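These are the residues of each chain, in order.
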Amino acid sequence: MCLAIPGKVIEIDETIQPKMAKVNFDGIIKSVCIEWTPEVGLHDYVIVHAGFAINKLDEEEAMETLKIFAEMEASLQEEARSMIPS
Amino acid sequence: MGEHANLEKYKNAEYVAHLSKAIKAVSASLGTVKLMHVCGTHEHEIARHGIRQFLPPTIQIIPGPGCPVCICPVESIDQAITLAYQPNTTVLTFGDMVRVPASHESLEDARRNGGSVKMVYSALDAVNLARENPNSTFVFFSIGFETTVVGIAGMIKTGIPKNLYVLLANRYMPPVLKLLMDVHDESIQGFLLAGHAATITGLHAYDFMEDEFQLPCVATGFEPVDILLGIFECLKLIKNKEPRIVNAYPRAVNEHGNTVALQLIEDVFERKPGIWRGIDIVDDSAFRIKEEYSFLDAEKQLDCTPPYPPRSHPPGCDCHRIMLGELLPTNCKMFTKTCTPSNPYGPCMVSPEGTCHTWFKHGSGKISLTHTAAHTI
Ligand code: SF4
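Residue numbers (our numbering), protein chains in the order written: chain U, 1 to 86; chain Y, 1 to 377.
It is worth saying that the hints were derived from the structure and are not from the lab. None of these values were measured; they are calculated from a predicted model. Incorrect hints may appear among the rest.
[Claimed, not checked] Below, in silico cross-link-like pairs of lysine-lysine (DSSO-like), each with a Cα-Cα straight-line distance of 30 Å or less:
no., chain 1, residue 1, chain 2, residue 2
1, Y, Lys-9, U, Lys-8
2, U, Lys-19, Y, Lys-157
3, Y, Lys-162, U, Lys-19
4, U, Lys-8, Y, Lys-361
5, U, Lys-8, Y, Lys-11
6, U, Lys-67, Y, Lys-24
7, Y, Lys-157, U, Lys-8
8, Y, Lys-241, U, Lys-67
9, Y, Lys-9, U, Lys-67
10, U, Lys-67, Y, Lys-239
11, Y, Lys-300, Y, Lys-162
12, Y, Lys-118, U, Lys-30
13, Y, Lys-21, U, Lys-67
14, U, Lys-19, Y, Lys-118
15, Y, Lys-34, Y, Lys-9
16, U, Lys-30, Y, Lys-361
17, Y, Lys-162, Y, Lys-118
18, U, Lys-22, Y, Lys-162
19, Y, Lys-290, Y, Lys-300
20, U, Lys-67, Y, Lys-236
21, Y, Lys-118, U, Lys-8
22, Y, Lys-34, U, Lys-67
23, U, Lys-22, Y, Lys-11
24, Y, Lys-34, Y, Lys-178
25, Y, Lys-11, U, Lys-30
26, U, Lys-22, U, Lys-8
27, Y, Lys-361, Y, Lys-34
28, Y, Lys-11, U, Lys-67
[To be verified] If you anchor each label on the Cβ, the simulated ranges turn out as follows:
no., chain 1, residue 1, chain 2, residue 2, range
29, Y, Tyr-308, U, Phe-25, 38 to 48 Å
30, U, Ile-5, Y, Thr-259, 21 to 31 Å
31, Y, Pro-314, U, Asp-13, 39 to 49 Å
32, U, Met-63, Y, Asn-88, 53 to 63 Å
33, Y, His-204, U, Ile-12, 21 to 31 Å
34, Y, Lys-361, U, Ile-29, 19 to 29 Å
35, U, Glu-14, Y, Thr-259, 19 to 29 Å
36, U, Glu-71, Y, Pro-161, 52 to 62 Å
37, U, Lys-67, Y, Lys-118, 46 to 56 Å
38, Y, Leu-7, U, Ser-31, 13 to 23 Å
39, Y, Pro-161, U, Lys-22, 23 to 33 Å
40, U, Asp-26, Y, Ala-25, 27 to 37 Å
All C-beta atoms, glycine included, are put in the ideal place defined by N, C-alpha and C.
For reference, chain Y alone in the conformation it holds in the complex (with noise of 0.2 Å):
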């Protein structure tokens, strides 16, 4: 088979030297400069290949609120745990899910007490699950970002068995940027942009961001070679003092986004403010299910409400000021020592998204915040 420009040539060794010497020279002028990414899957890309050994020291990739479910509220893990904990009910969500630890337990806690969880891969297999087993209560815990919310649109839009009902906490992207903004005192000088949440969106959904802040943004793709080359666009605009939104992921992401799925979000889901763990309540930035969907509205037809109050962070776990870009995990005692990936003691060290397991599995590649955020706080 031949080469397919797809997969092998973004992983070219000799494209990933080209882009570090065009980096090197773009910034030369720049002095320190701060960029932050918001995905999961970008600092586990950054780390695994090492990406910042290709960078200057003095551009620094500061990850940001990308993990899905870090970010999870805990009000919504506790009220899941509350209806695992129901009679004739199970709650249905994703592996990474199950071990996050939240108020009280995790919901394996919650499986090992006596309540009834199941791993699914997808919202499919809750369908079926629910479609085979009619006399049992399911309840789909949806967590994640714009990619993530088609899949449950799109089943709850074909229709869902009666005694399937989904707990929704899953977040959009977008607004997140403007709290950074605000959090960092405008000293992020450019975002890299999620590349799969801005095939849904579209760029036009961060035009914001060039309206309102002036500050250069780039849709970056996942292999080594697409995030360099974000990376070097990002500082060529930085250089250029043009504060555009640039699409350096063309092959995945359009203007105007995948718009079979947006129509779909549209149908099923309304957004409102919503809580993102530990970090704030981000305007616009929760997905809610449309009244007319209201029936199928774990919230809204089960008794979902904990008999404690939410605790957001287990206490020492500084997991929210590390979403934020201002710690890194190597500032926290805990790193490594007493929380680890096969005992997490906080949401980032649990899933393959956080930014401590990350750093855990990979190492961080090199990465300081002695100029930078360190300092503001």
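So here's chain U without its partners, still in its complex pose (with noise of 0.2 Å):
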């Protein structure tokens, strides 16, 4: 019923009330309700709950959230520099 696993979105049915899309997670396609989801494209990928996308989720917020890693890597390198001996 509740799914960790994000899916793509590989086709959308506009003709149908309400819209559906196929859904592909790591190879195996679903049929997911989309109507309630409106920002919801063609690639996106999508939240899942029984049947029902949820919410999309956004990959320039995906990307953003990464930085936190370049940070932390400067961070390491700079407290590695602090460790040497002058």
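With the hints as a guide, bring both chains together as one complex.
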């Protein structure tokens, strides 16, 4: 019922109500209702609960969050430098 | 295909190692810290990926009441079972729900004993089945948190066939945090909020945790990097004495949630106090069908009163205390012995989102409550 893995929208059928999409979860294709997530488009990654998409995963935000690792890398290097006896 | 940030990068082992180091550093001056998550999928992913091994022993991540199948009140399952025995009536529900032991039997037992029960994958299947069989009565037994309530709200709003009724046992997550604060005598120092529930409600729904309890809460995703990032952010807030609500899962969660979904939910449902199985009545936490749609409300239109009183948990099963974070599955004498996923004795062993089931399958990845809730019992 509750899936942690996002799926990729590979096909949208606008002709039926509620709006349906084919979503690929790691090779398993499922029919998913996307009527109540109007921002979802083709190739988006969506989070699905019990057959309904509840939101999409924003790729830009995903990249933004990962910037923290660049900062961590920098502070680790800083730390390493400060540990070298002068 | 290139690496997609939404998938592969959040499983990256290097990032996991970075976070593990950063968590160690930030927690060095903190002593024992007890964080709770409130999502069965979080526990599942934490155990499956062995996330606890990346944490110092002083950082305890306690599973809370995040399994929708486990907290579904026995009274509602008894109602569903009663309906399954009505002539020409079929109860439709999710696979996880069918094997959950209720007061006398499970829905699966009821089916064996002549009741009519079918598993469905979603509310859409229920609508289709009812359409294809217009001379039979169907009841969709709806359970889950705000994530699953959206679909059923949408279907009701769109219009469902006349021969389909809804038995609604869905629960709303935010208010249970207040109860948990109380139970743990405020010893929990932070919450990892369920990322997908927060996707619907938005962070906003948890503002009271900052206003009333001054407790750090972090909306957390489900990949290994997401979970460690949530823990890291929460520890940072604790260290800096900043009791804020922070979003560590911004690719799915925002401040105001899925506004289309929220509007739908508001149009169709209202919220009342509701039972969480074996735990308590939690104010404002039970979705109810609005009067305007009472024509499809199974509780109002069909005879679903069981001929016996409710019995919350089978004797000796401590599921409810596990859901409150007071005990762990390993504290239960039946765990892995007389209670297993193929022969579940209590609700927490049935669903893959239940802590007992998860620990049976994947182990706990090191956790003990010796410094924490076990003391208070
Ligand atoms: S192991 Fe079984 S009996 Fe024990 S608490 Fe878990 S579900 Fe209940």
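| Earlier hints that do not hold, by number | Nothing - there is no hint that the structure violates, so all of them hold.
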